[in-house]
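Next come the chains, spelled out residue by residue.
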Amino acid sequence: MLEIKNLHAEVDGKAILKGIDLNINKGEVHAIMGPNGSGKSTLANVLAGRDDYEVTEGGILFDGKDISELEPEERAGEGIFLAFQYPVEIPGVTNTTFLKEALNAQRRYRGEEELDGMEFVKMIRGKTKELGIKDDMLKRAVNVGFSGGEKKRNDILQMAVLNPKLAVLDETDSGLDIDALKVVAEGVNKLRAENNAILVITHYQRLLNYIVPDQVHVLSNGKIRRSGGKELALELEEKGYADYSGEAA
Amino acid sequence: MVTLPSDKEAFIAHYDQSKDHLPGYNLAWLNETRAKNIALFNDIGLPSAKTELWKFTSLNPLKKQAFSAPETSELAANDELPRLFDAAISIRLVFIDGKYSETLSDSSLPTGVTMASLAAVLDSGNCDLDQTRLSRPRAEEQPLVALNTALMADGYILSIAKDVSVEKTIEILHLGSGKAESTHHTRNIISVGSGSKATIVEHNTEHGENVYFSNAATDISINENATLHHYRVQESNKSAFLISSTEVEVGKGATYDSFLLNTGARLARSDINVSLAAENSACHLNGTYMGTDDQHCDITTRVDHKTPHTTCDEVIKGVLSGNARGVFQGKIIVHEQAQKTVGNQSHRAMLLSDRAEVDAKPELEIFADDVICSHGCTSGQIDEDALFYLRSRGLSQEQAQALLVNAFLADAVEAVQNEDLKDLFLVRISDWLENNPNKPA
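So the protein lines, in turn, are chains A and B. For the first sequence, the working numbering assigns the number 1 to the initial residue and increments by one for each residue that follows. For the second sequence, the working numbering assigns the number 1001 to the initial residue and increments by one for each residue that follows.
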């Protein structure tokens, strides 16, 4: 589904990603772990198409299509979703308005029929129930006054509504206590399916106790240094990133 | 048709030519008042860059413009007139090029409301208007009000009796006929009787794209425990010069609640001066402005807290694109005896292009020591993180921007309690966003 080939990217003229190769198939969960400054968040932003991140070499194929030149909204339409490390507050825009506009924008992009108000409400009620989210959250302005945990749950709700093929979770665990972490992980697990894939980006292993990956990759100094099964995460937890930090300097 | 340029000499010449046939020309006290005011205007002249209150707003474009003297421009009865509210819930008074049109206005006023046109009152000769109603504090700071007093030709005198709650909205349409490059000076007087409540909505718009200059002055007194909701929808064409000055005296326990939505005019300057000289008087001065192309919008307010226990809050938000320029000057003066004053002011502007500009000058002058006052002024671009967040969920750049700008402005509209009006303002905001695609520079 996702094929990253020799991906180089820079921010403000500074090379951050220095040749990443990564394949993720349908139904798989991959985790990327690495020390601070290794390029983890850059990779997430490059996948989502953020303006200031420039791909200088290599490419990203998504379902066989080169998406490296697409706008963020086009990538969303293709089925890529980024759960933010720090979800942004949007005062004055309610969750319902936002979700409806986003979903219908994506449906238009894919040439699908837009949902009308009734259909949308019915669909979203189903999702909030499934995820155990209170309906009053829908009436609130996007992330405004939300606790850290609520913001992350709101991202998971968006993910459930938009139903992406690939979800990239960028340090979703940061700022969460253990209870909030479990709730968010549960939400993600409910959305795991044969037809979609998840890329978890994290510094710590603890999230991977709850979202169990099929493969773990160690990112350091802009390159994947090692790949393995879920046991690799435990090894990293024990030994730290010291073995990889030499190259990060 | 007389063509008038619009520098100081031209206005004075206009006065000399017209003083013998302005409304009420046979009233000695009025002639005296007019003469005094034109002399004052002659002394001060039009505001320039050196005038402190006008240093961000230049009248040079106005000075270069030639105008005709106003002509009678009665519209045909079948010309469609804009109406903001359904006739079932409002009564509408119509002014065309500054002249009251009795035939186009609704004839039956709600109980307790009386309205007369200024021209009719002055011409009748036996009006109870006295000079004090037409004189302003700090007259020397207000040369355009002096000009208005010298040349005022019409306007409305609207009175609400005591203890009346006026259910219907009083809509006042100020329509440019689009027939001439005219200049007009309207003078309006509103008084709200004690214990009463009323909503007045003024709507500036016109047929066509003609240049015109409207120099309006409105004097409002709100008596004990009364509330006046005073809303303005200024959506004149982008050639118009729209200057207005509103002076408000708020009585004991009374409230002046104002909201200004400004999308129109080439140059719009709105002065609002509020005097809180009685205990528990309050004012809300809220508004939004939106400018594009070469539009210039200036909102200048002054609130004088003169006695203990008075309150004012002020939230103004603006969005500018193209070469547009916004000005906000907000002065709050807490006089020495005005203990327990609460005064909060906030002005926030969003600039959508590199060429747009905003100048903000908040001023707090506090002479009392037991007060709660705050002010905040910000200006900035659209939040890039928020934009990316929305786009990453599928919204296009334009959609995301419109959503963010809309939310930014809608926040100011929250202060409006009347749901019909709130909706009207929100629709105006989304219409503006739709018709003015804001291309980032």
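Rather than coming from a laboratory, the hints here were simulated on the basis of the structure. This one's a predicted model, so the numbers in the text were calculated from it and none came from an experiment. Heads up, the beta-carbon is just placed ideally off N, CA and C, and yes, glycines get one too. Errors might be hidden in some of the hints.
Unchecked claim - Heads up, incomplete: computed chain A residues facing chain B, CB under 8 Å, no partners named:
| hint | residue |
| --- | --- |
| 1 | A48 |
| 2 | A76 |
| 3 | G79 |
| 4 | L138 |
Consistency of the hints with the structure:
1. A48: Constraint on A48 of chain A satisfied, holds at 5 Å.
2. A76: Check passed: Cβ of A76 of chain A comes within 4 Å of chain B, closer than 8 Å.
3. G79: Check failed: Cβ of G79 of chain A comes no nearer than 10 Å to chain B, outside 8 Å.
4. L138: violated (15 Å)
Hints 3, 4 from the earlier list are contradicted by this structure; the remaining hints agree with it.
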